Each structure stands twice: as structure tokens, then as C-alpha cells.
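Read top to bottom, the protein sequences are chains A and B.
With the numbering used here, letter number 319 in the first sequence gets 371, and the count goes up by one each step, no holes.
With the numbering used here, letter number 27 in the second sequence gets 34, and the count goes up by one each step, no holes.
Certain hints may be false.
What the hints assert, rightly or not - Here are some of the chain B residues that sit facing chain A, going by a computed Cβ distance under 8 Å: (1) F120; (2) T123; (3) L124; (4) S127; (5) Q129; (6) S130; (7) L131; (8) G132; (9) L133; (10) S134; (11) I142; (12) P145; (13) C146.
Said to hold, decoys possible - Negatives, chain B to chain A, calculated, CB over 12 Å: (14) D9; (15) I25; (16) I26; (17) Y37; (18) A41; (19) M44; (20) G79; (21) F86; (22) L88; (23) I138; (24) L157; (25) G167; (26) D196; (27) Q201.
Claimed, not checked - Listed next, the stretches of chain A that the computed footprint assigns to chain B, with coverage defined by at least 3 CB atoms under 8 Å from CB atoms of chain B: (28) 91-104; (29) 121-129.
Hint data in this document are derived by calculation from the structure and do not stem from the laboratory.
On a predicted model such as this, the values are computed, not experimentally measured, just so you know.
Positions of the beta carbon are idealized from the N, C-alpha and C atoms, including for glycine.
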Amino acid sequence: MSVSVDIEKRLGSFHLKVKLEAQEETLALLGASGCGKSMTLKCIAGIERPDRGRIVVDGTSVFDSEKGINVSPQQRRVGVVFQNYALFPHMTVRQNIWAGAWRENSKEKRMALVEEAMERFGLTDQARHYPHQLSGGQQQRVALARVLVSAPKLLLLDEPFSALDSQLRFRLEQEVRHVIRQFGKSVLLVSHDRDEVFRLADSIAVMDRGRVEVQGKKQAVFENPQTKAGAIMTGCKNISRLVRGRAGRVYAADWGVELKINDDNRAGYLGIRMHDIVPGNGENAFLFRVMEEVENPFSFVVMLRPEGKEDGVLIGWEVDKETWENMRADTVQVSFPRKSILLLEH
Amino acid sequence: MDWFPLVNSLRIAGISTIIIFFTGIFAAYYIAKAPKMVKGILDVLLTLPLVLPPTVVGYLLLRVLGPKRLVGAWFLDVFGLKLTMTWWSAIFATVVVIFPLMYRTARGAFESFDETLAYSAQSLGLSNTYIFWRIRMPCCRQGILAGTVLAFARALGEFGATSMIAGYTPGKTATIATTVYQLWRTNNDELAFQWVLCNMAISFAVLLALNLLEKRTSARKPVRGN
Chain A
53 MSVSVDIEKR
63 LGSFHLKVKL
73 EAQEETLALL
83 GASGCGKSMT
93 LKCIAGIERP
103 DRGRIVVDGT
113 SVFDSEKGIN
123 VSPQQRRVGV
133 VFQNYALFPH
143 MTVRQNIWAG
153 AWRENSKEKR
163 MALVEEAMER
173 FGLTDQARHY
183 PHQLSGGQQQ
193 RVALARVLVS
203 APKLLLLDEP
213 FSALDSQLRF
223 RLEQEVRHVI
233 RQFGKSVLLV
243 SHDRDEVFRL
253 ADSIAVMDRG
263 RVEVQGKKQA
273 VFENPQTKAG
283 AIMTGCKNIS
293 RLVRGRAGRV
303 YAADWGVELK
313 INDDNRAGYL
323 GIRMHDIVPG
333 NGENAFLFRV
343 MEEVENPFSF
353 VVMLRPEGKE
363 DGVLIGWEVD
373 KETWENMRAD
383 TVQVSFPRKS
393 ILLLEH
Chain B
8 MDWFPLVNSL
18 RIAGISTIII
28 FFTGIFAAYY
38 IAKAPKMVKG
48 ILDVLLTLPL
58 VLPPTVVGYL
68 LLRVLGPKRL
78 VGAWFLDVFG
88 LKLTMTWWSA
98 IFATVVVIFP
108 LMYRTARGAF
118 ESFDETLAYS
128 AQSLGLSNTY
138 IFWRIRMPCC
148 RQGILAGTVL
158 AFARALGEFG
168 ATSMIAGYTP
178 GKTATIATTV
188 YQLWRTNNDE
198 LAFQWVLCNM
208 AISFAVLLAL
218 NLLEKRTSAR
228 KPVRGN
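Sequences and hints are given; from them, build the entire structure.
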């Protein structure tokens with residue numbers, strides 16, 4: 053069970069050009085809104101038609117522009133859970149799941165399948181309820197139950213938690229993780245939340261402006277996001293243009309500091325995560341003025357500007373509460389360890 | 008009292024409503040999905056009868072269906088059938104006049120339908136026929152019902168175009184509306200008033216039914232999850 057996508061589609065000035073591959077794993081499409089990740093899902097599901105390319109689901113070509121193949125969404129066996137869950141509003145929970153189980157010919161078996169799914173998702177008591185009578189979490193469970201009884205070969209989850217408040221989110225994430233594990237086939241998860249993606253996915257594809265910029269195992273992508281968009285999407289808040297001077301000197305132009313790094317001569321940007329900055333005078337240490345401090349529940353973010361500079365982008369430094377409360381001052385010495393500096397292409 | 012005008016009015020309105028129910032929904036469904044340009048032009052053309060004076064509609068129909076005109080002459084030639092001055096001639100008039108009511112309300116309903124419901128049904132493997140009749144139509148039920156009832160009520164009251172294309176022949180083409188006019192013209196005030204009451208009662212009942220239906224469906228009206 054796998055999926056492989058290599059498609060192109062033009063929509064006005066927007067150009068989608070996506071190449072993706074996933075085995076029996078969860079692949080997350082991580083990107084800002086408007087980067088083309090939902091469009092990619094729609095193309096895989098058969099709702100949108102790409103201009104060119106191939107889509108192979110579980111060894112079967114469902115789209116191939118050269119061979120003139122374009123399998124209807126009904127025949128693709130690609131299950132989709134939409135952002136708003138798309139439950140049929142005029143059907144009860146049982147009827148919604150029943151509609152998904154239509155492939156089962158025998159009425160008894162179909163009934164058993166539906167009852168089993170409702171039990172598994174804890175919906176038995178809500179069987180006769182209409183979608184608008186359910187909580188957000190219950191709606192999500194109905195959507196998952198409905199899609200699973202249709203026996204898809206590939207599961208697409210489009211921002212599955214965006215309609216929920218944050219308390220519920222974490223709990224439902226556990227449920228979805230469980231569902232994914234039991235499903236055991238390829239799952240594509242669209243999200244713009246790096247934490248959610250890190251917890252749920254095995255691999256990550258970072259998308260920006262219609263393209264997949266980086267794809268790899270999640271740890272590798274977070275350690276080395278490779279591109280500016282990759283760094284932003286994996287949560288790196290400090291990014292600066294990189295300017296090369298003579299004799300291997302490298303300036304972080306937006307910050308106004310000169311850094312010692314392992315330059316690869318391709319990067320146009322560099323970045324450092326807020327929590328990778330360390331206090332004291334180690335490697336790449338400078339004196340900074342504290343311009344502002346922002347209190348988080350469990351940490352401070354201290355906004356820094358190099359001592360003696362009047363302009364430039366502020367650098368955010370995330371520091372735990374105790375450390376900051378012990379060292380709070382108007383100017384601080386912090387260092388940017390070489391191994392924590394991300395070299396980024398545009 | 009001769010009840011023919013009532014029967015005739017009801018059958019004309021009933022048949023016309025059945026016709027525009029299907030054609031109106033069909034037109035609304037495809038035009039809702041059409042490109043903007045096409046949509047704009049068709050929209051104007053199909054809505055025109057709603058604002059034109061019924062006599063203009065009647066005139067235009069006679070120019071096409073009259074026994075010496077293109078379509079009318081052809082039917083007379085081939086089938087020996089006169090399309091005007093029969094009871095069912097009025098159906099042409101009412102269909103044209105009430106079509107916009109059905110078309111516009113159905114189109115509004117289709118346009119507010121959440122397409123992700125259809126996408127989601129497709130990806131579950133449900134057929135397009137199932138999706139149309141079991142998902143799209145029930146979700147748009149309220150708008151479609153309202154359009155149907157309004158169209159029926161309007162069809163009962165059609166006068167101008169009907170009297171031009173079907174005329175007034177007692178016991179043959181007379182409808183309630185044309186009967187009231189005829190009775191008033193011939194100073195039969197009492198009988199005219201009875202027909203007026205009859206017409207008002209029917210229209211009142213139809214509109215009341217519409218209101219009740221709307222209340223019942225809005226009690227179960229879906230509230231979206233987010």
C-alpha cells in the first residue's frame with residue numbers, strides 16, 4: 053500500500069507542481085495556507101483534475117495524463133476527511149456511517165459493520181442524533197467511522213483538528229493516532245501545525261508556493277529544514293539574509309552580526325530556533341540589548357538587538373523562567389552555537 | 008355553481024408546476040455551475056418572464072405557437088393539432104410565467120449547498136445519482152419546496168398570458184382568473200365575488216402550507232459544525 057504523486061496544475065497565476073511519495077506510513081504536507089496542500093489532496097482524491105502527471109495509489113494508476121487515465125473519485129478508493137468533516141446534515145449518525153458502508157452487499161453484514169464502527173468510536177449512544185446535535189469531537193469521530201467503513205486504500209486528512217478548540221485537540225489527536233496505526237496503510241495529513249505534524253507523522257513534505265521543497269523523515273526535516281519556507285514551517289522564528297564577505301566571513305544581514313558557520317556556499321539565508329540560543333560567552337557570542345520581554349506560561353521570549361545597532365530585525369530568544377529571572381538585565385551576552393545554525397536556501 | 012373553472016385552474020397549475028419542478032431544477036443545477044459569462048446571460052433570459060407584463064409573454068407565445076406561426080403551423084401540419092385556444096394551451100403561458108420563480112429559488116438553494124458534501128460522498132464511492140437525489144436535493148429541500156409552492160400559487164393566479172393564448176370559453180378554457188374577469192364584465196357581481204373568495208381561500212391555504220413547511224424544516228435545519 054503506497055502512494056506516488058507527480059502532478060502539475062495551473063490555476064490562474066498559481067502553479068502547482070508536486071512530487072510526493074509515501075509508503076505505508078503517515079506523510080504530512082506541511083505548509084502555510086494557500087501553498088497548494090489542499091489542492092494536492094483534491095487532485096489525489098479526484099475532485100480536481102491536474103493538467104499533467106501521474107497519481108498511483110496502491111500500485112494502480114488513478115491518473116495518468118499521458119495514458120489518458122482519469123479514474124473517477126468513486127473508483128479511486130481514496131478516503132477523505134474534510135476540514136469541516138462534511139457530514140450529511142439530514143442524516144443521523146447511523147445513516148451517515150451506513151452511507152459509507154454501501155460496498156457491503158449483504159444487509160446484515162452492512163448493519164454489523166456500521167454497529168461495530170459506532171461502537172469502536174463510542175458513538176452508539178448518538179446513533180440517532182443529527183450532526184448538528186454533536187460536539188466537534190463527536191463529529192470528527194463520525195467522519196472517521198464513515199470513511200473507514202468505506203474501506204479506502206489511502207486516507208487523506210485535511211486539517212483534521214482545525215475546527216476544534218485546543219483542549220479537545222490534544223485528546224482527539226491521540227484518537228487519530230490510534231486510527232492511523234490500525235489503518236496500517238498510507239495516510240496523507242495536511243496541516244500547518246508543526247507540533248501536530250511532528251506527533252502524528254512519520255515523514256514530512258514541506259510545501260511552499262505550490263511546490264514540495266523538502267521531503268524526508270520528520271526528525272531529519274526538523275533538524276535540517278534546508279529552505280527558508282521549511283524553517284518557517286518547522287517553527288524557526290529567527291531568519292536572516294546571509295551575506296558573504298571576504299575570507300569566509302558571513303554576515304547575518306538582517307541582524308547585523310558576523311557569524312562563524314560551516315558555510316556551504318549555497319545558502320541565501322540562515323536561521324536559529326529561539327530555544328537554541330544559549331546564554332554566556334561560547335561560540336558566536338555577542339552583547340545584546342534587551343528590547344522587550346514577552347512572558348509565556350512556562351518561558352520568556354526575550355527580544356534582542358546587537359549592542360550599538362539602531363535598526364535591524366529583533367532576534368527572539370526563548371529562555372526558561374528561572375534562568376531569565378536570575379540573569380535579567382538590560383544587556384545580555386548570548387551565543388549562537390554553530391551546530392544550531394540552519395543554512396537555508398530560498 | 009359550475010366548478011369547471013376551479014378544476015381547470017387546478018389542473019393547469021398542477022401540470023405546469025410538475026413541468027417547472029423538473030426543468031427549473033435542471034436549469035438551476037447546471038446554470039449554478041456554469042461560467043460567469045454564460046450564467047449572467049442565461050439568468051437574464053430565464054428571469055425575464057418574471058418582470059415582463061403577462062400580455063407581452065402572451066403576445067410572444069402567440070407569435071410562436073399561433074396556427075399561422077412557425078411552431079404552431081408545423082404542429083397543425085404534422086399532427087393536425089391546434090396549440091392555442093384549448094384548455095392546455097394555458098399550460099404554455101403558466102409554465103413560462105412561473106418558471107423563473109422555481110429556477111431562481113432552486114438556484115439560490117444549489118448555490119448555498121456546501122460542495123464538500125458532494126466531494127466527500129464521491130470519495131466514499133457513492134454514485135452521482137445518489138448524491139443528487141439523496142444528498143443535494145434533501146439539503147436544498149427548503150428552497151426547492153418554497154419555489155414549488157410559490158410557483159403553484161402564481162400559476163393559479165395567471166391571467167394575462169392565459170387569456171391571450173387560451174381565451175375564455177366557458178366549460179372549455181375558463182379558469183378562475185378569466186371567469187372572475189368575465190363575470191365582472193357582465194355585471195354578475197355576486198358570482199364573481201364567490202370565485203374571488205374561492206381563489207383567495209386556495210392561495211391562503213397554499214401559502215399557509217408553505218409557512219408550515221418552512222417551520223418544520225427549520226426545526227431540523229442543519230447547523231454546521233464550525
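Checked hints:
1. Taking 8 Å as the C-beta contact cut-off toward chain A, the hint placing F120(B) at the interface is violated, the least distance being around 11 Å.
2. A distance limit of 8 Å between C-beta atoms decides the matter here; for T123(B) the minimum to chain A is near 4 Å, and the interface restraint holds.
3. The restraint placing L124(B) at the interface with chain A holds, with a minimum CB-CB distance near 5 Å, inside the 8 Å limit.
4. For the restraint placing S127(B) at the interface with chain A, the shortest Cβ-Cβ distance is roughly 4 Å, inside the 8 Å limit, so the hint holds.
5. Evaluation of the Q129(B) hint against chain A yields a held restraint, the C-beta minimum of about 4 Å falling below 8 Å.
6. Because the smallest distance between the Cβ of S130(B) and any Cβ of chain A comes to about 5 Å, under 8 Å, the interface hint for this residue holds.
7. Proximity of L131(B) to chain A holds as hinted, the smallest CB-CB distance being about 5 Å (cut-off 8 Å).
8. Hint status for G132(B): holds, given a least beta-carbon distance of 5 Å to chain A, under 8 Å.
9. Hint status for L133(B) relative to chain A: holds, with the closest Cβ pair at about 6 Å, below 8 Å.
10. At about 7 Å, the closest approach between the beta carbon of S134(B) and any beta carbon in chain A falls short of 8 Å, and the interface hint on this residue holds.
11. A least Cβ separation of about 6 Å between I142(B) and chain A falls short of the 8 Å threshold, and the interface hint therefore holds.
12. Restraint check, P145(B) versus chain A: the minimum CB separation of about 5 Å is within 8 Å; hint holds.
13. At a threshold of 8 Å, the smallest CB-CB gap from C146(B) to chain A is about 6 Å, leaving the interface hint in force.
14. The Cβ of D9(B) lies farther than 12 Å from every Cβ of chain A, with a closest approach of about 45 Å, so its non-interface assignment holds.
15. Under the 12 Å C-beta cut-off, the non-interface status given to I25(B) relative to chain A holds; the minimum distance is some 24 Å.
16. With a closest Cβ-Cβ approach of about 27 Å to chain A, I26(B) is found to remain outside the 12 Å limit, as its non-interface label requires.
17. For Y37(B), the condition that its CB be more than 12 Å from all CB atoms of chain A holds, with the nearest at approximately 19 Å.
18. With 12 Å as the threshold on Cβ separation, the claim that A41(B) sits away from chain A holds: the shortest Cβ distance comes to roughly 18 Å.
19. For M44(B), the condition that its CB be more than 12 Å from all CB atoms of chain A holds, with the nearest at approximately 16 Å.
20. G79(B), annotated as away from the interface, keeps every beta carbon of chain A farther than 12 Å; the closest lies near 45 Å.
21. With a least CB separation of 43 Å from chain A, F86(B) remains clear of the 12 Å interface cut-off, as annotated.
22. Separation of L88(B) from chain A is adequate, the least Cβ-Cβ distance of about 44 Å exceeding the 12 Å criterion.
23. Some Cβ of chain A comes within 12 Å of the Cβ of I138(B); the nearest lies about 10 Å off, and the non-interface call is violated.
24. With a minimum CB-CB distance of about 22 Å to chain A, L157(B) clears the 12 Å threshold, and the non-interface call stands.
25. Once the 12 Å rule is applied to beta carbons, G167(B) is consistent with being away from chain A; the minimum gap is 40 Å.
26. Non-interface call for D196(B) relative to chain A: holds, since the shortest CB-CB distance, roughly 51 Å, exceeds 12 Å.
27. Non-interface call for Q201(B) relative to chain A: holds, since the shortest CB-CB distance, roughly 43 Å, exceeds 12 Å.
28. Counting residues of the segment 91-104 of chain A whose CB lies closer than 8 Å to any CB of chain B gives 4, so the stated coverage by that chain holds, three being the minimum.
29. Coverage of the segment 121-129 of chain A by chain B holds [criterion: at least 3 residues with CB-CB distance below 8 Å; count 6].
Of the numbered hints stated above, those contradicted by the structure are hints 1, 23, listed in ascending order.
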